[in-house]
Amino acid sequence: MANSPSLSLLGGNKPPKDPAPPKKTNSPKGGGSSSSKSAGKNPVADPYVELLLKLQHTSAMQLQEEQQLNIEQHHTDHERIARLCNLGSKFTLIHDVWTTKGNHHAFMGISVAYVSDDWTFHISHLGLKYIASNHKGKLLAISFANVLSKSGLTNKITQTTDSRSNNFTMASEVDRLITKKTGIDPNLSENHIRCYCHKIALILNAGLQSLKLSTEEFIPSKEEILGFAPGLSPIAEESEEIEPTNHFVQEDVVLDEEHNPQATNNDEDNNEDDSPGQNTVGSILEKVDFIIQQITSSAAKRSEYDTWCRILVHDGPSLIAGYGICWNIKFRSREAGLQARRVISKLIENECDRQEREGGKNYYSNVDITQSEWDMVNKLNEILKEFYFLTKSMEGDHSSGALLVSKYLDIKDVIKRKSHNTSEPEFKKMLQTMKKKTDKYLEEALGCDAILVATVLNPSFRLSIFKMWFPTHYGYTLDLITNLFTTPKAEIATTATSKEPTPPVKKRPGPEVVDYFPDNTVEATTPDELSVYLGGKYKLPTDEADQLLGWWKDHCQEFPILALLARDYLACSATSASVERCFSAAADTCGHDRGSLVAKNN
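Following full-length UniProt numbering, the numbering of the sequence shown begins with 1 at its first residue and continues without gaps.
Everything labelled a hint here was simulated from the structure, so no lab data went into it. Treat each hint with caution, since some may be false.
Under the rule of at most 16 Å between Cα atoms (straight-line distance), these lysine to aspartate or glutamate pairs were calculated in the EDC-like manner [said to hold, decoys possible]:
id: 1; residue 1: Lys392; residue 2: Asp410
id: 2; residue 1: Lys553; residue 2: Glu190
id: 3; residue 1: Lys412; residue 2: Glu373
id: 4; residue 1: Lys212; residue 2: Glu386
id: 5; residue 1: Lys412; residue 2: Glu386
id: 6; residue 1: Lys416; residue 2: Glu382
id: 7; residue 1: Lys407; residue 2: Glu444
id: 8; residue 1: Lys435; residue 2: Asp410
id: 9; residue 1: Lys129; residue 2: Glu580
id: 10; residue 1: Lys361; residue 2: Asp375
id: 11; residue 1: Lys379; residue 2: Glu444
id: 12; residue 1: Lys436; residue 2: Asp449
id: 13; residue 1: Lys436; residue 2: Asp397
id: 14; residue 1: Lys379; residue 2: Glu424
Quick list of the computed label-pair ranges, beta carbon to beta carbon [as the list claims (entries may be wrong)]:
id: 15; residue 1: Asp306; residue 2: Lys54; range: 21 to 31 Å
id: 16; residue 1: Thr307; residue 2: Gly359; range: 44 to 54 Å
id: 17; residue 1: Ser393; residue 2: Lys54; range: 22 to 32 Å
id: 18; residue 1: Lys428; residue 2: Ala299; range: 49 to 59 Å
These numbers come from a predicted model, not from an experiment. Glycine is no exception: its CB is placed at the ideal position from the N, C-alpha and C atoms.
Construct all of the structure, not just a fragment, from the sequences and the given hints.
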């Protein structure tokens, strides 16, 4: 009882009505119960106990919800794996590796693409694995093979990846690991589809690299503006196929011709050297990129830009800085700058006026962009715009493997058309470089059997596309589709003959029954299913080539054996964009204070 008043005062509650100390009398028998009752009604302890109980209850509920979500997720994953295992067709693996910025943590995303019974193309997420070790091809293969083996998914035909060569190493290692463990060779290394969107990026980067300034710097160096700020290229992943990065400021050291790998290029157009005073496309692009980056990197300049957009009634896209090596980001950056050229000119004019009044350094380093230079940017963007839409046309969840060869032909057509229409020698040189890259990657695509079969099974192309454009591949592709067609046909015939015949019903003796349509006569008059298909029956217009699954849904009964092959091979995906969307969704879970998806150490 002696402690009760002090506890009450510490709690900040009202003092008791009788502040006088209690009389010291002997407590009656059972007085301890009075003390315990008083303690049980302690106005200080009760709120804290209640808060503690609430926190414990909330924590328990959150843990229970998390456990329930894990159970539901496990159940969903189990159903998805079971559905994939029970598919009546094969599927394509799509995978890619994402490296976090600022460290070497990596994640491998794996998806599967398949065609369902109702001829609908589906992409299903299979796994997102954290790669703690060095992400070389052989080490990536371990995680990849484990996911497939545990899921029991070894019935596949192709894989689709980006352009990194460590994916090639990984494919061979996955073949070895799965063959050793299951006895089934997935043969991923022979059925390897290189991502079309990544290839377009490499084609364009090679062309844009030929426009780079090869003489003295036109723009002040980074050190002069920002102090020491080294330019870093992306981390190469085991002999990754890297095109030279297109920095907006040229390196300080100019290599001699005999040491410069680009100077020793065998292009016939490389004899055209840029003079220091020449107004090249490369110098114009560097100026435009520099001005845009100066505006977007300053809050004050962004505010000034927004103000003049309202004054000059410009409602185009917002400016974005074209940093990095992504050509599509630079394209969008320069396109936005082109549309806002009047606003940008006004900002440059305002800065010159300020410098005349107040002195000091010019924020834009006295760089100006003339109308003729903006016209040059517009000409380049008109070329790049074609490739931008080609890339967009192949993204999304649809059967794109059967379109890959035709899309490379579209690239060649664009290059040919633009080369004919342009009068700028630098653009002609750029397009010539891009043509060589396109030819190389087209040959890669034609070297993949899965792509050849998928192209034949596109009713818009069949074998005619090879006869017209690739006659050297015609015979091989015909043999390939014939062998694939013969195998399931023989299996179906074997299944039919292996059935036990039904005992004949005994009939009374009578006149002999004559069969006027014996089986061999029917076979002789019935054209072969493959021949009918390759002959062009039910033609699908070329401009509707992406509607191929709808065609097969309508005609699968007439071509039953080919329909089995079509469900397998039309699951081929020509891009790894679906896995990159998975990475983007995973990156959204990182807060502003997170540099990666690695768990925090509190």
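Results of checking the hints against the structure:
no., hint, verdict
1, Lys392 with Asp410, "holds (14 Å)"
2, Lys553 with Glu190, "violated (29 Å)"
3, Lys412 with Glu373, "violated (28 Å)"
4, Lys212 with Glu386, "violated (21 Å)"
5, Lys412 with Glu386, "holds (12 Å)"
6, Lys416 with Glu382, "holds (14 Å)"
7, Lys407 with Glu444, "holds (14 Å)"
8, Lys435 with Asp410, "holds (12 Å)"
9, Lys129 with Glu580, "holds (14 Å)"
10, Lys361 with Asp375, "violated (29 Å)"
11, Lys379 with Glu444, "violated (31 Å)"
12, Lys436 with Asp449, "violated (23 Å)"
13, Lys436 with Asp397, "violated (30 Å)"
14, Lys379 with Glu424, "holds (10 Å)"
15, Asp306 with Lys54: 21 to 31 Å, "violated (48 Å)"
16, Thr307 with Gly359: 44 to 54 Å, "violated (24 Å)"
17, Ser393 with Lys54: 22 to 32 Å, "violated (56 Å)"
18, Lys428 with Ala299: 49 to 59 Å, "violated (42 Å)"
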